[in-house]
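What follows is the residue order along each chain.
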Amino acid sequence: MGTGTGLGRVRGLGSARHGGGHWVLHRMTAVSNLLLMLWLLFSLLRLPAYDYQTIRLWLEQPIVAVPMILLVVSVFWHFRMGLQVLIEDYVHEEGLKFASLVALTFYTFGSGALAVFAIAKIALTGTAH
Amino acid sequence: MAQNRARPISPHLSIWKWGAHMTTSIVHRITGDGMAVVGAMVLVWWLTAAATGQESYDYFLACAASPFGRFVLVGLTWAFFQHLASGLRHLVLDTGAGYELVTNRFWARLTFVFGVVATAAVWGYLLFVKG
Chain A
1 MGTGTGLGRV
11 RGLGSARHGG
21 GHWVLHRMTA
31 VSNLLLMLWL
41 LFSLLRLPAY
51 DYQTIRLWLE
61 QPIVAVPMIL
71 LVVSVFWHFR
81 MGLQVLIEDY
91 VHEEGLKFAS
101 LVALTFYTFG
111 SGALAVFAIA
121 KIALTGTAH
Chain B
130 MAQNRARPIS
140 PHLSIWKWGA
150 HMTTSIVHRI
160 TGDGMAVVGA
170 MVLVWWLTAA
180 ATGQESYDYF
190 LACAASPFGR
200 FVLVGLTWAF
210 FQHLASGLRH
220 LVLDTGAGYE
230 LVTNRFWARL
240 TFVFGVVATA
250 AVWGYLLFVK
260 G
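Note that the protein sequences, when read in sequence, are chains A and B.
Using the working numbering, count along the first sequence one by one with no gaps and you end on 129.
Using the working numbering, count along the second sequence one by one with no gaps and you end on 260.
Rather than coming from a laboratory, the hints here were simulated on the basis of the structure.
All residues carry an ideal CB built from backbone N, CA and C; glycine is no exception.
It is possible that some hints are incorrect.
Listed next, with one range per pair, are the computed distances between beta-carbon atoms [to be verified]:
1. A/THR5 / B/VAL203: 51 to 61 angstroms
2. B/GLY227 / A/ARG11: 29 to 39 angstroms
3. B/PRO196 / A/LEU101: 33 to 43 angstroms
4. B/GLY204 / A/LEU45: 14 to 24 angstroms
5. B/GLY148 / A/ARG11: 36 to 46 angstroms
6. A/VAL91 / B/VAL203: 26 to 36 angstroms
So these bits of chain A aren't anywhere near chain B, every CB distance computed over 10 angstroms [said to hold, decoys possible]:
7. GLU94
8. GLY95
9. THR105
Short derived list, chain A residues pointing at chain B, Cβ under 10 angstroms [what the hints assert, rightly or not]:
10. ARG27
11. TRP39
12. LEU41
13. TYR50
14. ALA103
15. THR108
16. THR125
Excised from the complex, chain A in its bound form:
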C-alpha cells in the first residue's frame, strides 16, 4: 500500500463488489421468511394437538414437508447474513473476525442440515411406531 498520495493509501480498501448482492438477498429472504413463517404459525395454531402422532402425521405430508424445508433454507440463509453483519460490525480484529465467520458458517450449515434431514426422514419414512 502506498504512503504518498491519498489515492495510494485507499487503493485496495474499496468494495469487494458483493455488498449489493448481500443486501438484495437479505431482503428477498426477508419476504420469503414472512410468507413461510406465517404459514408455519397459522398451520401450528390450526393443529388440534401437539403430541408426537399429530406432529408426525402432519409433517409427513408433502404439502407440509416441502414448505418446511424451504422455511429452513430461507430462515437459515437470512439469519446467516444477519449474524455476518453483526460480526462485521463488532469484531474488528481480522483473525478473530475470520474465525467467527467460519464458526457462523459451520453453525448455519450444521444446524440447517440437521433440520432438513429430520424433515426428510419424517416425510420419507412415514409414521414410526
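Place chain B on chain A using the hints.
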C-alpha cells in the same frame, strides 16, 4: 495529503438524543440475532426430536411445557413479531419513504405495540381458547 483536523467528522453516537427509531433499530438486531441462536436451536431440536422417536419428542414437549420452556417460547414469539414489524418497516424505509420525523417516530413506536399485541393474541388463543 495533509488532513484538515477541523473538518466535521461523524459525531459519536452518545451526542444524539435517544429516539424511538434508535430503540427499534437495536431491538431489530437483538431479536433477529437472538432468534438466530435460540429460535434456530429450538426449531432444530423440535424437528430432530420428532424424527428420532416418541421418547425424544415427549422429552421436548415436557421441556417446552415447563415454566422456563414457556418463557423461552413466549419470548421467541415476541421476538418474531417484533422483528417482523420492524423488518416490514425496514422494507418501507428501503424505498426511501417514511423518514419524516413524525411518521418515522409513529411507525417505530407502532412496531412495539404490534409485537406485544400479536404475542398476547397468539398465547391468549393457545392457552385460553384452545386450552
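Status of each hint after checking the structure:
1. Look at A/THR5 against B/VAL203: about 58 angstroms separates their beta carbons, and that is inside 51 to 61 angstroms.
2. For the pair B/GLY227 and A/ARG11, the supplied restraint of 29 to 39 angstroms holds, since their beta-carbon distance comes to about 38 angstroms.
3. Between B/PRO196 and A/LEU101 the beta carbon distance is about 37 angstroms. The supplied range of 33 to 43 angstroms therefore holds.
4. The beta-carbon spacing between B/GLY204 and A/LEU45, approximately 18 angstroms, falls within the hinted interval of 14 to 24 angstroms.
5. At about 39 angstroms, the CB distance of B/GLY148 to A/ARG11 agrees with the hint of 36 to 46 angstroms.
6. Separated by about 31 angstroms at the C-beta atoms, A/VAL91 and B/VAL203 satisfy the suggested range of 26 to 36 angstroms.
7. The Cβ of A/GLU94 lies farther than 10 angstroms from every Cβ of chain B, with a closest approach of about 22 angstroms, so its non-interface assignment holds.
8. No Cβ of chain B approaches the Cβ of A/GLY95 within 10 angstroms, the least distance being about 22 angstroms, so the stated non-interface status holds.
9. Residue-level check passed: A/THR105 sits 13 angstroms from the nearest beta carbon of chain B, beyond 10 angstroms.
10. For the restraint placing A/ARG27 at the interface with chain B, the shortest Cβ-Cβ distance is roughly 7 angstroms, inside the 10 angstroms limit, so the hint holds.
11. For A/TRP39, the interface hint is violated, the least distance from its beta-carbon to any beta-carbon of chain B being 13 angstroms, above 10 angstroms.
12. Residue-level restraint check for A/LEU41 holds (minimum Cβ-Cβ distance to chain B is 7 angstroms; threshold 10 angstroms).
13. Taking 10 angstroms as the C-beta cut-off, the interface hint given for A/TYR50 holds, the closest approach to chain B being about 7 angstroms.
14. The interface hint given for A/ALA103 is violated, since its Cβ lies 12 angstroms from the closest Cβ of chain B, which is over the 10 angstroms cut-off.
15. The beta carbon of A/THR108 comes within 8 angstroms of a beta carbon in chain B, closer than 10 angstroms, and the hint placing it at the interface holds.
16. Taking 10 angstroms as the C-beta cut-off, the interface hint given for A/THR125 holds, the closest approach to chain B being about 9 angstroms.
In this structure, the hints that do not hold are numbers 11 and 14, in rising order.
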